[in-house]
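2 protein chains.
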Amino acid sequence: MSRFAGLRLLDSKTERSFDVYRRKMEALFTMFTSQPIGFVSSPYTDPSEIPKGLGAQHQADGVLNILPQFEPGLTDIEGFSHLIVLWEFDRSQGFELVGAPPSDNRPHGVFASRSPRRPNPIGLTIVELLRRQGAELHVHGVDMLDGTPILDIKPYLSNIPAERLRRGWLAEAEERKQ
Amino acid sequence: MSRFAGLRLLDSKTERSFDVYRRKMEALFTMFTSQPIGFVSSPYTDPSEIPKGLGAQHQADGVLNILPQFEPGLTDIEGFSHLIVLWEFDRSQGFELVGAPPSDNRPHGVFASRSPRRPNPIGLTIVELLRRQGAELHVHGVDMLDGTPILDIKPYLSNIPAERLRRGWLAEAEERKQ
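Note that the protein sequences, when read in sequence, are chains B and G.
Per our numbering, the first sequence starts with residue 1, numbered consecutively.
Per our numbering, the second sequence starts with residue 1, numbered consecutively.
These aren't lab readings, by the way, just hints derived from the structure by calculation.
A quick note: this is a predicted structure, and the numbers were derived from the prediction, not measured.
There is no bait here: all hints are sound.
It does not matter which identical chain is used: a pair holds within one copy or between any two.
Calculated lysine to any residue pairs in the SDA-like style (CA-CA distance at most 25 Å, straight line):
#1 K52 <-> Y156
#2 K52 <-> I160
#3 K177 <-> H82
#4 K177 <-> T75
#5 K52 <-> N159
When you get a sec, could you build the whole thing from the sequences and use the hints?
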């Protein structure tokens, strides 16, 4: 498929101004190339070892080894109990828009699931920060493979009130399993 | 700085196997190039319009316009009340490892903040899904600029128990403000 196929979307309603149109044109050419800020040390060396599916618990400890040139970016990170880690599905090839996840035998859209086969192969894991040793962040709750490239780390700041959270097909699959 | 500078990190402790070493070498060459899966329609056209700093509330409604070729990936997304949107800081140049955020007059590391000037310019916003119309996701709580490229959407599944959450310098800055 041509990388310009998406331009057919640019209808008059969305294009409120030439500036927005120009930005979308440019975005197709100038999207960033990702670079690792570090690598995960994890007990998992094969995808089959990682707990998956309904009720899977991620209890493994691991280390986020940040590259020395990025270490100043960790300043004051010790104060946060939980971190959002963005990383690359570096052993996943291509993407699948609709597929059956390990937690259900029915297919769902990739953007309604945590499938590794995504248009942009970015994974997200919330970890608990146990301690920092220089450029090493010792964390609890890893679900990445050993050697996974880390793209970004952000502090986990707040929750959505539990009573307002709906979990779609995942909640339904859990119901059926009971 | 050379893109190979990070290789100095590769000590014997981290390199548990040749396989991991090889993967790290390859990652420096084969990281993915991001592509937009869609663009944000937002009321904000200038960064100064976006609520920032302590207690900032993101109450704006917006639309995630997904490109038609990715629409099948939205299958079953309607069941989720909240979505994690990953997007590109496409109007941010370069990165700053330590800087003062709008919520504090003291500098903090980029990985302990939500600064737009990150090594990988990926933004993250939790939005509430109001409704879906084909490839348009109408959402509440946008803090992106109009025209921002969307990289990924994931369902928001669970919370960290509030009593276990620590918020570091942000909580301290809030204390000082009171």
